[in-house]
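A.B. asks: Sequence:
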Amino acid sequence: MAASTHTVTNQVPPLVGYDVFNADRALTEGVERHSAPALLDETRAELTALGRAAGSAEVQEWGALANENPPKLRTHDRYGNRIDEVDFHPAWHQLLGRSVEVGLTDAWGRPGGHLRRAAGFFVWTQVEAGNGCPVSMTHAAVPALRTDPASAAEWEPRLTSHRYEPGLRPAGEKAGALFGMGMTEKQGGSDVRANTTRAVPLDGGEEYLLTGHKWFCSAPMCDGFLVLAQAPGGLTCFLVPRVLADGTRNVFRIQRLKDKLGNRSNASAEVEFDGTWARRVGEEGRGVRTIIEMVAATRLDCVLGSAALMRQSVAQAVHHTTYRGAFGGELIDKPLMRNVLADLALESEAATTLALRLASAYDTVQDGGDGADRERAFLRLAVPAAKYWVTKRCTPLVAEALECLGGNGYVEESGMPRLLRESPLNSIWEGSGNVQALDVLRALQREPEALNAVLQEVGEARGADHRLDGAIKGLLTELADLSGVEARARRLVERLALVLQGSLLVRWAPPEVADAFCASRLGGDWGTAFGTLPHTLDLASVVDRARPVG
Numbered sequence: 007m008a009a010s011t012h013t014v015t016n017q018v019p020p021l022v023g024y025d026v027f028n029a030d031r032a033l034t035e036g037v038e039r040h041s042a043p044a045l046l047d048e049t050r051a052e053l054t055a056l057g058r059a060a061g062s063a064e065v066q067e068w069g070a071l072a073n074e075n076p077p078k079l080r081t082h083d084r085y086g087n088r089i090d091e092v093d094f095h096p097a098w099h100q101l102l103g104r105s106v107e108v109g110l111t112d113a114w115g116r117p118g119g120h121l122r123r124a125a126g127f128f129v130w131t132q133v134e135a136g137n138g139c140p141v142s143m144t145h146a147a148v149p150a151l152r153t154d155p156a157s158a159a160e161w162e163p164r165l166t167s168h169r170y171e172p173g174l175r176p177a178g179e180k181a182g183a184l185f186g187m188g189m190t191e192k193q194g195g196s197d198v199r200a201n202t203t204r205a206v207p208l209d210g211g212e213e214y215l216l217t218g219h220k221w222f223c224s225a226p227m228c229d230g231f232l233v234l235a236q237a238p239g240g241l242t243c244f245l246v247p248r249v250l251a252d253g254t255r256n257v258f259r260i261q262r263l264k265d266k267l268g269n270r271s272n273a274s275a276e277v278e279f280d281g282t283w284a285r286r287v288g289e290e291g292r293g294v295r296t297i298i299e300m301v302a303a304t305r306l307d308c309v310l311g312s313a314a315l316m317r318q319s320v321a322q323a324v325h326h327t328t329y330r331g332a333f334g335g336e337l338i339d340k341p342l343m344r345n346v347l348a349d350l351a352l353e354s355e356a357a358t359t360l361a362l363r364l365a366s367a368y369d370t371v372q373d374g375g376d377g378a379d380r381e382r383a384f385l386r387l388a389v390p391a392a393k394y395w396v397t398k399r400c401t402p403l404v405a406e407a408l409e410c411l412g413g414n415g416y417v418e419e420s421g422m423p424r425l426l427r428e429s430p431l432n433s434i435w436e437g438s439g440n441v442q443a444l445d446v447l448r449a450l451q452r453e454p455e456a457l458n459a460v461l462q463e464v465g466e467a468r469g470a471d472h473r474l475d476g477a478i479k480g481l482l483t484e485l486a487d488l489s490g491v492e493a494r495a496r497r498l499v500e501r502l503a504l505v506l507q508g509s510l511l512v513r514w515a516p517p518e519v520a521d522a523f524c525a526s527r528l529g530g531d532w533g534t535a536f537g538t539l540p541h542t543l544d545l546a547s548v549v550d551r552a553r554p555v556g
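Quick note: to get my numbering, add 6 to the position in the sequence shown (first position is 1).
Because the hints were derived from the structure by calculation, they are not lab data. Keep in mind that the hints are not guaranteed to be accurate.
To be verified - Listed next, the in silico SDA-like pairs over lysine to any residue satisfying Cα-Cα at most 25 Å (straight line):
no., residue 1, residue 2
1, Lys180, Gly194
2, Lys266, Leu461
3, Lys78, Glu276
4, Lys340, Ala405
5, Lys192, Ala251
6, Lys180, Ala251
7, Lys340, Ser420
8, Lys398, Lys340
9, Lys398, Lys180
10, Lys78, Lys264
11, Lys180, Lys192
12, Lys340, Gly194
13, Lys192, Pro163
14, Lys78, Gly218
15, Lys192, Ile89
Said to hold, decoys possible - Label pairs and their calculated CB-CB ranges:
no., residue 1, residue 2, range
16, Lys266, Val14, 33 to 41 Å
17, Gln17, Arg262, 35 to 43 Å
18, Tyr85, Gly178, 44 to 52 Å
19, Glu492, Pro172, 44 to 52 Å
20, Gly334, Glu466, 20 to 28 Å
Keep in mind that this is a model prediction, so the values were computed, not measured. For every residue, glycine included, the Cβ atom is placed at its ideal position computed from N, Cα and C.
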C-alpha cells in the first residue's frame with residue numbers, strides 16, 4: 007500500500023468547549039470589582055452558565071448558521087397582499103431567544119442590572135453580534151419611554167420580560183416584546199433635524215399619522231419602534247407599533263433589506279410610512295431630547311460590542327499561537343509574536359475595563375443614592391469618548407489578530423473574517439467618529455460638571471505612575487485652550503479616553519498590564535502598528551493573562 011501523502015499535523019484544535027466568561031480574567035475581575043457583595047454569587051452563576059453556553063460547539067454553530075443564512079424579505083403573500091415580513095434562519099431565533107431569556111433586555115429594574123447585563127452582552131456578542139442589535143434597542147428604549155408614563159406602563163413590562171415571542175401580532179397579546187428605532191433618513195444621515203417625515207396629529211391628542219421614510223431601520227420584525235418625525239411643533243419622538251391593538255397591521259412598508267459588509271444575520275431595512283399610526287412620546291419639538299437617553303444606552307452597547315469583538319479576536323489569536331508550531335517552537339514563545347499578542351491583549355483589557363466602569367456608573371445612577379449626580383455627569387462625557395476610541399481601535403486590532411493565524415485566519419472556517427467584517431460597525435452606529443468627537447466638545451463647553459467628574463475619576467490614580475501623571479498634565483494643558491478646537495477634536499477625545507483607560511488600569515489591573523499600557527499608550531514609546539511594545543516589559547505575563555484556556 008502506498009504511503010499517505012496527506013497526514014494532517016500541526017493544526018490547531020478549535021476553541022470550543024470553554025467558559026467564555028470565566029476564561030476572561032479582565033471581565034471576571036471587573037464584575038467582581040463593581041458588583042455589590044450580596045449580588046456577586048448570583049451574578050457569577052448566571053454569567054458562568056451563559057459563558058459555558060457561548061463556548062459550546064452547539065451555540066457557536068448557531069452563530070455560524072445565522073450568518074451563513076441571512077434574513078429574507080417577503081413584501082407580499084402568495085395572493086398579492088402586502089405583508090412586509092422578514093424570515094430568519096432558526097439559528098437567529100435560538101440566539102435571540104437565549105439573549106432575552108437570560109435578561110439582556112432587562113437592566114433597568116434589577117439590582118446591579120446594568121453591570122450584569124453588560125457582562126452578559128459582552129459574553130454573548132462573542133458568539134454572534136447581529137442579534138445584539140434588537141437586544142440593545144429594546145434595552146435602550148426604556149428610558150425614552152419613561153418620558154411618557156402611559157407608554158412606559160404599557161410597554162416596559164413587555165420589553166423587560168424574559169420571554170421571547172417572535173411573530174407579528176398585537177403586543178398586548180404577547181408576554182414579551184422587542185423594540186427598534188428609526189432616526190436616519192436619506193438626506194440627513196446623522197443630521198436628524200433635516201428629517202422630512204411628517205407627523206399629522208389626530209384630533210389634537212397624542213395620536214398622529216406619519217408619512218415619510220427611514221433610510222436605516224434595523225430589526226424590522228420588532229414589535230414597536232421609536233422614530234423621529236416633524237410634527238407641527240418641530241422634531242418629535244413617536245412610538246410606532248408594527249401591529250395595532252385591533253390586530254390590523256400598521257403601515258410599515260419594507261422597501262428592501264440592506265446588503266451589508268457585516269452584521270449579516272441582522273436585517274437592516276429601508277422603511278416607508280404612509281398614514282402610519284403613531285403615538286407621541288414626550289413633547290412636540292423635543293424629539294432629540296426624548297430619544298437621547300436611548301442613544302446614550304445604545305452607545306454604551308457599541309463600546310461593549312467592540313470590546314467583545316476585540317476579546318474574541320485576542321482569544322483566537324492566543325489560542326492559535328499556543329498550539330501552532332513554527333521555526334522550531336510554538337509561535338506564542340517567539341519574542342516578536344509575544345510582543346504582538348501582548349499589545350493586542352493590552353488594548354482588549356483596556357476596552358473591557360472601561361466598558362464595565364461605564365456600566366457600573368449606570369447602576370449608581372439608577373439606584374439614585376450617593377454619587378448618582380457625579381456618575382451621571384461622568385457618563386455624559388465618558389460614554390461618547392469611550393464610544394469614539396474603543397470602536398475606532400476595534401478594526402485594526404481584529405485585523406492584526408487575524409494575521410496571527412496567517413492564511414488560516416483569512417479563511418471563513420476560522421471565524422476571523424466574520425469578526426473583521428463586523429468590526430467597523432460599532433464605530434458607525436449611533437453616530438460615527440466625528441459625531442462622538444463633537445458631542446464631547448459640546449459637553450466640555452456646556453456642561454462643566456461632566457469634565458469635573460471625569461477629572462475626579464482620573465485623579466484617583468494620580469501619583470501612581472509618572473507617565474500617567476504626565477499625560478494628565480498634557481490633557482489639562484490642551485483643555486485650557488478650546489479655541490479652534492473642532493479641527494483637533496479627535497486628538498483631544500483620543501487623549502481623554504487614553505488617560506481614562508490608563509487611570510483605570512493603574513488602579514485595578516496587574517502591575518505588568520498597567521506598566522505596559524502606560525509605557526506605550528501614555529509614555530510615547532510605542533509604534534504605529536501592534537507589536538511595538540518596549541521589549542523590556544513583562545510581556546509573557548500579559549499574554550498569559552489573556553489565554554482563553556489552560
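A.B. asks: Work down the list of hints and note, for each, if the structure agrees.
C.D. replies: Verification of the supplied hints:
At most 25 Å may separate the alpha-carbon atoms for a hinted pair to count; Lys180 and Gly194 exceed this at roughly 35 Å. At roughly 40 Å between alpha-carbon atoms, Lys266 and Leu461 are farther apart than 25 Å, so this suggested pair is violated. With a C-alpha separation of about 14 Å, the suggested pairing of Lys78 with Glu276 holds against the 25 Å cut-off. Our distance criterion of 25 Å between C-alpha atoms is met by Lys340 and Ala405, whose separation comes to about 20 Å.
Only pairs whose Cα atoms come within 25 Å are accepted, and Lys192 paired with Ala251 is rejected, the gap being roughly 31 Å. Pair hint Lys180 plus Ala251 holds up; C-alpha atoms about 12 Å apart against a cutoff of 25 Å. Taken as a hint, the Lys340 and Ser420 pair is honoured in the structure, with Cα atoms around 22 Å apart against an allowance of 25 Å. For the suggested pair Lys398 and Lys340, the alpha carbons sit about 28 Å apart, so the restraint of at most 25 Å is broken.
Restraint check for Lys398 and Lys180: the C-alpha separation of about 39 Å exceeds 25 Å, so the hint is violated. With a C-alpha separation of about 11 Å, the suggested pair Lys78 and Lys264 falls inside the 25 Å cut-off, and the hint holds. Pair hint Lys180 plus Lys192 does not hold up; C-alpha atoms about 33 Å apart against a cutoff of 25 Å. Distance restraint check for Lys340 and Gly194: the Cα-Cα separation of roughly 51 Å exceeds the 25 Å cut-off, and the hinted pair is therefore not satisfied.
A hinted pair counts as satisfied when its Cα atoms are at most 25 Å apart, and Lys192 with Pro163 does not qualify at roughly 34 Å. Straight-line distance between C-alpha atoms of Lys78 and Gly218 comes to about 23 Å, which keeps the hinted pair within the 25 Å bound. A threshold of 25 Å between alpha carbons decides the hint, and for Lys192 with Ile89 the separation of about 24 Å falls inside it, so the pair holds. Between Lys266 and Val14 the C-beta distance comes to about 35 Å, which sits within the given range of 33 to 41 Å.
A hinted range of 35 to 43 Å holds for the C-beta pair Gln17 and Arg262, which are about 42 Å apart. Between Tyr85 and Gly178 the Cβ separation comes to about 27 Å, which falls outside the hinted range of 44 to 52 Å. Separated by about 45 Å at the C-beta atoms, Glu492 and Pro172 satisfy the suggested range of 44 to 52 Å. Hint check: Gly334 to Glu466, Cβ distance near 47 Å, so the stated range 20 to 28 Å is violated.
Hints 1, 2, 5, 8, 9, 11, 12, 13, 18, 20 from the list above are not met by this structure, while the remaining hints are.
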